[in-house]
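Let the sequences and hints guide you as you build the complete structure.
Each chain, written out:
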Amino acid sequence: MTCEGRVWKFGDDINTDLIISGRYLDNYDESHLASHAMEGISTEFAKRVKEGDIIIAGRNFGCGSSREQAVVSLKGCGVQAIIAVSFARIFYRNAVNLGMQVYESTDAYEAFNDGDKASLDTSEGCLRASSGATEASLKEVPPHLKAIVDSGGLMPYTKFKLGIR
Amino acid sequence: MTGKTVAEKILGRAAGDIDSKAGDVIEVFPDVVMSHENTFLVNKAFEELDLEKPWAPEKIVVVLDHRSPANTVQTANAHARIREIVRRMGIGRFYDVGEGICHQLLVEKKLVTPGQLVLGADSHTTTAGAVGAFGAGIGATEMAVVWATGKTWLRVPETIKVTITGHLEKAVFPKDIALYLASKIGSSGANYKCIEFGGIFLFDISISGRMVLCNMAAEMGAKAAIVPADSTFGAWSPECPSKDSSLCTPDSDASYCKAIEIAAEDIPPIVSGPGSVELGGSVEDFAAIEIDQAFIGTCTNGRLEDLIAASWVLKGNKVVEGTRLLVAPASKTVLTDALSMGVIQTIQEAGGTILPPGCGPCLGAHEGVLAPGETCISSGNRNFKGRMGSEDASIYLASPATVAASAIKGRIEDPRRWLKVDL
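Protein chains in written order, with this note's numbering: chain A, 1 to 165; chain B, 1001 to 1423.
By construction, these hints were calculated from the structure, which means they are not laboratory data.
Hints are supplied without guarantee of correctness; some may be wrong.
In silico contact screen, one side only, chain A against chain B (beta carbon under 10 Å); selected entries [as the list claims (entries may be wrong)]:
no.: 1; residue: S65
no.: 2; residue: P142
no.: 3; residue: L162
no.: 4; residue: I164
With a Cα cut of at most 27 Å, we get these calculated DSSO-like pairs of lysine-lysine [claimed, not checked]:
no.: 5; chain 1: A; residue 1: K159; chain 2: A; residue 2: K75
no.: 6; chain 1: A; residue 1: K139; chain 2: B; residue 2: K1021
no.: 7; chain 1: B; residue 1: K1109; chain 2: B; residue 2: K1151
no.: 8; chain 1: B; residue 1: K1044; chain 2: A; residue 2: K161
no.: 9; chain 1: A; residue 1: K161; chain 2: B; residue 2: K1109
no.: 10; chain 1: A; residue 1: K50; chain 2: B; residue 2: K1385
no.: 11; chain 1: A; residue 1: K75; chain 2: B; residue 2: K1385
no.: 12; chain 1: B; residue 1: K1021; chain 2: A; residue 2: K146
no.: 13; chain 1: B; residue 1: K1161; chain 2: B; residue 2: K1044
no.: 14; chain 1: B; residue 1: K1385; chain 2: A; residue 2: K47
no.: 15; chain 1: B; residue 1: K1151; chain 2: B; residue 2: K1053
no.: 16; chain 1: A; residue 1: K50; chain 2: A; residue 2: K75
no.: 17; chain 1: A; residue 1: K159; chain 2: B; residue 2: K1151
no.: 18; chain 1: A; residue 1: K146; chain 2: B; residue 2: K1044
no.: 19; chain 1: B; residue 1: K1258; chain 2: B; residue 2: K1161
no.: 20; chain 1: B; residue 1: K1053; chain 2: A; residue 2: K161
Computed footprint of chain B on chain A; a stretch qualifies when at least three of its residues, placed anywhere within it, have a C-beta under 8 Å from a C-beta of chain B [what the hints assert, rightly or not]:
no.: 21; region: 25 to 32
no.: 22; region: 91 to 100
Note that the Cβ used here is the ideal one computed from N, Cα and C, for glycine as well.
As structure tokens, this is what we get:
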């Protein structure tokens, strides 16, 4: 599957408070959370991000809290994938469990710039610049996690396993 | 066959007595699962699974601590819904507003015992390692599936051995050791790993001090942190270490991915910030920084010995005009004990404000959020930009003694000038 989107590039240690502040967590509505996504680091992001856009970040993306609203807020504003040099473990787990595409890639962080247009090729495991000039390989997602993401997240995955329609 | 770390032993046991080693992805059956206000989200996902009750309500702990008492109508509604859920599902281990912080209650009420696997819908679940349990954080959706099935998968982590030798100098605390370690290995220095503490220093510190070390491991990315079984466990609970104490003792030939040594006597009071736990250094390097708010509390440092340390600094002194000192005991029991010891009176007389037991302003939801341009020194665990309110506020982390000394001066202050006695 390939899908083009704008690259939003961020640095190291983008923590869960920057992604979605604790003061917004008493309202669980996805569109409310999406409207405040990344507010701690960019006031422009939530206003301008579009369906299919891609986040590329440095090391330790999503460090801090276990709040899965961090993933919900990014999903809610249409982010199709997050590619980072590395992820904090609970964020990574939450992303998989909520069906968000997450890939580790130092290549992508080095090769792409904010505002680039790129396509994610999940079957080839790479990110391609729409200009055709750049391509970065993505680290393979372990099979037991890929199965969850491909099901759309842990809920659909579990429903299928439990035979719930 | 090489020996096993505590993480390998506990997770192998929790997977049904299998031989597990670092790197294995295994299915585990937690002994205790815990969630707080996010129980609302857990239940929302659980309802989609068409089950009447969780797999084992007696293994579930629910605590209202993060926005407690309720800060908004929405939170009040979530609290009301959670009360209805725990009643209907027969979750007996429910702790309502004012009882305290989830990580504190797990240990204080002995809801967790050595060798157990605890999964909590909170990143600081690592705190349970203070009593030899493997505590790891997960999200609310995953917790819903654990409620339904009683199991999930975990990758058995590699372990970093942190050996702490020697004794602390005056006015230096386990928090200073933790902040020093964080500044040394960084905010992802233990990502996906377990930190196993060792060394003679551990005999000097209580369960409370051990909770500080294990709690702060989360700020280094750790999946879990463990203090192995020793005689302090026996004092904490006569039943511990149990016959299973070998579970929380590493084999002498266990394999570690990294070894770090810290000499306790070399560590001064540490301050860390703003913005990252990596920005730690001696309190002297921060001496010119003026503060608006000083906060003592949280799952890191809101326990009795923390309040006592603060009261010894504050006794006979006053919080300087223009600075606010907020103190949130980690639990109702801590508050009761501190009251009976006169610790609360000392803090009040010095000008401090006592908040209800709970998370307080740590997560920026209520009870002392910061205005743009303000600076706070906190005994908590996170100094992220925007964590306690405005994105334009600054947060520094320190021990309760350093926070108390700073409140007296209105700027970051060396506690060694104020704490002349051994605690």
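Each hint tested on the structure:
For S65 of chain A, the interface hint holds, the least distance from its beta-carbon to any beta-carbon of chain B being 5 Å, beneath 10 Å. Because the beta carbon of P142 of chain A sits about 7 Å from the nearest beta carbon in chain B, less than 10 Å, this interface hint is met. At a threshold of 10 Å, the smallest CB-CB gap from L162 of chain A to chain B is about 7 Å, leaving the interface hint in force. Taken as an interface hint, I164 of chain A checks out: its beta carbon lies about 6 Å from the nearest beta carbon of chain B, inside 10 Å.
Of the supplied pair hints, the one linking K159 of chain A and K75 of chain A holds, its CA atoms being roughly 21 Å apart against a limit of 27 Å. For the proposed pair K139 of chain A and K1021 of chain B, the alpha carbon gap of about 23 Å is at most 27 Å, so the pair holds. Distance hint between K1109 of chain B and K1151 of chain B is fulfilled; the C-alpha atoms sit about 24 Å from each other, no more than 27 Å. Only pairs whose Cα atoms come within 27 Å are accepted, and K1044 of chain B paired with K161 of chain A is accepted, the gap being roughly 19 Å.
Between K161 of chain A and K1109 of chain B the CA atoms are separated by roughly 36 Å; this puts the pair beyond 27 Å, and the hint is violated. In summary, the hint linking K50 of chain A to K1385 of chain B is supported, as the alpha carbons are separated by about 26 Å, within the 27 Å threshold. Annotation: proposed proximity of K75 of chain A to K1385 of chain B holds, straight-line Cα distance about 23 Å (limit 27 Å). As the CA atoms of K1021 of chain B and K146 of chain A are separated by approximately 23 Å, the hinted pair is consistent with the 27 Å bound.
Using a Cα cut-off of 27 Å, the hinted pair K1161 of chain B and K1044 of chain B is violated, with the two alpha carbons roughly 39 Å apart. Proximity of K1385 of chain B to K47 of chain A is assessed by CA-CA distance (about 21 Å); at most 27 Å being required, the pair is judged to hold. A C-alpha spacing of about 15 Å is found between K1151 of chain B and K1053 of chain B, which places the hinted pair at or below 27 Å, so the restraint holds. Restraint check for K50 of chain A and K75 of chain A: satisfied, since their Cα atoms lie roughly 11 Å apart, inside the 27 Å limit.
Under the criterion of a C-alpha separation no larger than 27 Å, the hint pairing K159 of chain A with K1151 of chain B is consistent with the structure, at around 15 Å. The hinted pair formed by K146 of chain A and K1044 of chain B meets the criterion: a straight-line CA distance of about 24 Å does not exceed 27 Å. This hinted pair checks out: K1258 of chain B and K1161 of chain B have alpha carbons roughly 6 Å apart, not beyond 27 Å. Between the alpha carbons of K1053 of chain B and K161 of chain A the distance comes to roughly 18 Å, so the proposed pair stays at or under 27 Å and holds.
Coverage of the region 25 to 32 of chain A by chain B holds [criterion: at least 3 residues with CB-CB distance below 8 Å; count 4]. As drawn, the region 91 to 100 of chain A meets chain B at 4 residues by the rule of a beta-carbon pair under 8 Å; at three or more, the given contact holds.
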